[in-house]
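Q: Use the sequences and the hints to build the structure in full.
Those protein sequence lines, which keep their order, are chains A and B. Using this note's numbering, you'd call the opening residue of the first sequence number 1 and step up by one each time. Using this note's numbering, you'd call the opening residue of the second sequence number 1 and step up by one each time.
By construction, these hints were calculated from the structure, which means they are not laboratory data. Hints may contain errors.
[Said to hold, decoys possible] Some, not all, of what chain A presents toward chain B, calculated at C-beta under 10 Å: (1) 85; (2) 117; (3) 118; (4) 119; (5) 122; (6) 126; (7) 129; (8) 131; (9) 134; (10) 135; (11) 136; (12) 146; (13) 182; (14) 198; (15) 200; (16) 201.
[Stated by the list, open to error] When the alpha-carbon atoms are kept at most 25 Å apart in a straight line, the in silico BS3-like pairs for lysine-lysine are as follows: (17) A:164 with A:175; (18) A:164 with A:116; (19) A:164 with A:29; (20) A:155 with A:116; (21) A:179 with B:35; (22) A:116 with B:198.
[Claimed, not checked] Every beta carbon over 10 Å from chain B, so not counted as near; a handful from chain A, in silico: (23) 115; (24) 269; (25) 303.
Just so you know, even glycine gets a beta-carbon here, dropped at the ideal spot from N, CA and C.
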Amino acid sequence: MTTTETSTTATTRGEARRQQTADSVYKPKDGLLLEVDDLFVEFHTDDGIAKAINGVSFDLYQGETLAILGESGSGKSVTAQAIMGILDVPPARITGGQVRYCGQDLLTMPDEQRRKTRGPEISMVFQDALSSLNPVFPVGWQIAEMFRQHRGMNKSDAMERAIKLMQRVQIPAAKERVKAYPHQFSGGMRQRIMIAMAIALDPAVLIADEPTTALDVTVQAQIMELLQELQQERQMGLILITHDLGVVADVADKIAVMYAGRIVERADVYDLYRQPAHPYTKGLLESIPRLDLKGQNLAAIGGLPPNLMNIPPGCAFNPRCRYAQDICKQDRPELREVLPGREAACHFSEEVLNG
Amino acid sequence: MTEATTIAVGQETHVAEATEGGARSLASDAWRQLKKNPVFWVSVVLITIFVVMAAVPQLFTQTDPTEAILKDARMRPSSEAWFGRDIQGYDIYARTIYGARASILVGVFTTIGTVILGSLLGIMAGFYGGWSDTLISRITDVFLAIPLLLGGILFMSTFPNNANSAYLVVVFKVVLALTILGWPSLTRLMRSSVLQVKPNDYVQAARALGASPWRIIRSHILPNAMAPVIVVSTINLGVYISVEATLSFLGIGLTPPAISWGVSISDALVALRTTPHILLFPSLFLSLTVLAFIMLGDAVRDAFDPKTR
Chain A
1 MTTTETSTTA TTRGEARRQQ TADSVYKPKD GLLLEVDDLF VEFHTDDGIA KAINGVSFDL
61 YQGETLAILG ESGSGKSVTA QAIMGILDVP PARITGGQVR YCGQDLLTMP DEQRRKTRGP
121 EISMVFQDAL SSLNPVFPVG WQIAEMFRQH RGMNKSDAME RAIKLMQRVQ IPAAKERVKA
181 YPHQFSGGMR QRIMIAMAIA LDPAVLIADE PTTALDVTVQ AQIMELLQEL QQERQMGLIL
241 ITHDLGVVAD VADKIAVMYA GRIVERADVY DLYRQPAHPY TKGLLESIPR LDLKGQNLAA
301 IGGLPPNLMN IPPGCAFNPR CRYAQDICKQ DRPELREVLP GREAACHFSE EVLNG
Chain B
1 MTEATTIAVG QETHVAEATE GGARSLASDA WRQLKKNPVF WVSVVLITIF VVMAAVPQLF
61 TQTDPTEAIL KDARMRPSSE AWFGRDIQGY DIYARTIYGA RASILVGVFT TIGTVILGSL
121 LGIMAGFYGG WSDTLISRIT DVFLAIPLLL GGILFMSTFP NNANSAYLVV VFKVVLALTI
181 LGWPSLTRLM RSSVLQVKPN DYVQAARALG ASPWRIIRSH ILPNAMAPVI VVSTINLGVY
241 ISVEATLSFL GIGLTPPAIS WGVSISDALV ALRTTPHILL FPSLFLSLTV LAFIMLGDAV
301 RDAFDPKTR
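A: As structure tokens, then:
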């Protein structure tokens with residue numbers, strides 16, 4: 001989905017956003033919002049150095065949804081935290097790379113300036129909304145806090161905006177419920193409130209870190225729908241972090257598959273589902289339970305993800321890979337274009353593509 | 001049948017949520033719990049009486065506590081002097097009423113002092129961590145090693161009162177001594193409490209939504225970490241009052257002409273065998289005050305702890 005296509009569907013909110021960016025110091029160039037460039041993150045622990053991210057690069061444009069897909073420990077959440085600047089340093093350490101927002105490197109920015117980008121420019125939705133909301137304050141107060149803090153609004157104006165936002169994220173009886181506490185809401189409703197807080201200041205980039213993992217399946221779809229709706233309405237760049245292939249298929253434009261802290265494949269969502277170019281992606285897709293294969297054993301990727309303290313030489317996936325040959329144990333494959341607009345980090349992508 | 005169930009599950013249960021009762025926060029839950037606790041009400045009534053006594057003693061007695069009638073010295077309780085008269089011929093009732101002021105002042109201000117100092121340092125140590133944590137924790141350890149009473153004796157005998165020191169100066173000297181010695185336990189408590197709250201997702205979320213460190217502390221850390229400090233400082237208030245009385249008893253806390261229960265108890269000792277009532281009344285009031293604050297602290301602790309419900 002490109003910017004020109006979606007701008008016709010953009011509502012006044014999207015216009016307002018663009019108006020605002022016109023005044024702000026951050027102006028996306030040709031719709032390019034966020035560039036992550038060769039990012040490295042390590043965790044220094046007593047047991048040694050865990051290499052969580054090993055050279056991740058991607059771009060995010062206005063109105064685009066990028067899904068980052070990977071299993072636990074593949075570095076997807078750490079990537080998000082590094083972009084937001086909320087990694088705990090130490091034990092984490094960013095050892096290389098750049099995160100540019102509208103051309104400015106966030107990693108070298110003074111702390112105070114960077115803090116001010118969180119909320120109005122880049123914002124985030126967390127996985128577990130129950131623990132992400134402060135239990136001692138009413139939800140309305142917490143949403144209103146965003147306006148009071150960043151926009152200097154007075155209490156009643158901020159509260160009014162909070163009610164509007166709660167209505168926007170489809171919380172029934174918002175007016176009556178602003179004074180309710182987080183534990184009085186269901187999981188789905190809490191996630192809606194978390195989303196309301198995250199979009200309160202019209203951010204240009206929204207990172208959703210497994211926004212539906214803590215929810216039950218029926219609510220998942222509703223939350224994803226809401227996110228997609230808000231994204232199109234405001235022309236946000238959305239980074240969707242997930243391990244759920246089903247969630248991604250409907251919403252994402254582009255997919256980056258991560259394994260052991262590296263992006264191993266990058267493609268448009270349809271291409272990737274139709275014809276994976278990396279053995280890992282292929283394994284993931286084959287492990288989705290299918291109705292027409294009922295009664296048969298579920299195909300799974302054998303083995304375990306590598307220990308991040310001790311990533312195998314060569315391709316990190318080689319011990320689990322059915323295409324693996326000697327070269328995979330020595331040479332680490334770099335991300336390369338295997339088909340127009342498609343990249344994969346595998347020596348044998350062509351064979352994988354051909355089945 | 002199956003179809004109907006699927007649809008019902010598909011809807012989020014708005015109705016059940018909307019009809020739920022009023023808001024329940026930790027504080028309102030605690031209050032609900034407190035209201036049902038008789039110990040709480042007994043302590044509140046006692047504390048209210050003592051605080052009013054400290055603020056406006058004239059409400060309780062018209063007698064001048066500094067008026068000594070030597071010929072009536074050691075008089076037993078009578079209709080004229082309800083609690084009798086002491087060795088100097090002072091009216092014991094009036095002196096006991098006026099003595100509340102010193103205890104309450106010392107208790108309240110020492111508590112305020114220790115809570116402010118202790119919380120501040122505890123938050124700094126717990127929130128910022130690193131070398132500030134190490135430094136504050138070690139200083140805390142050093143101060144914790146000094147017993148409260150011994151330290152108080154040391155401080156007060158190093159800086160003794162003059163005969164003509166103003167009342168408030170004398171009181172605040174005791175407050176200062178107890179504050180200097182009393183903050184470390186609260187610092188330790190606050191630090192551990194902050195460490196417990198800090199890794200919560202909502203603190204992380206607040207950071208991700210651009211909250212400044214000051215705002216994170218004020219809105220997210222402090223309200224969630226304050227409960228244990230409130231409980232312990234309420235109990236400590238009673239302890240400070242008893243330490244003040246002990247120091248005054250030893251003749252180094254509040255000194256005459258200041259009126260204090262500790263001073264009265266000390267004066268009563270010489271006549272303990274012949275006229276024990278002189279000792280009885282100030283001791284009784286002192287015990288009741290200390291007991292009231294400890295009971296209040298207990299009740300508040302139970303209310304804040306969901307496990308005791």
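Q: Looking back at the numbered hints, which does the structure fail to meet, lowest number first?
A: 19 and 23
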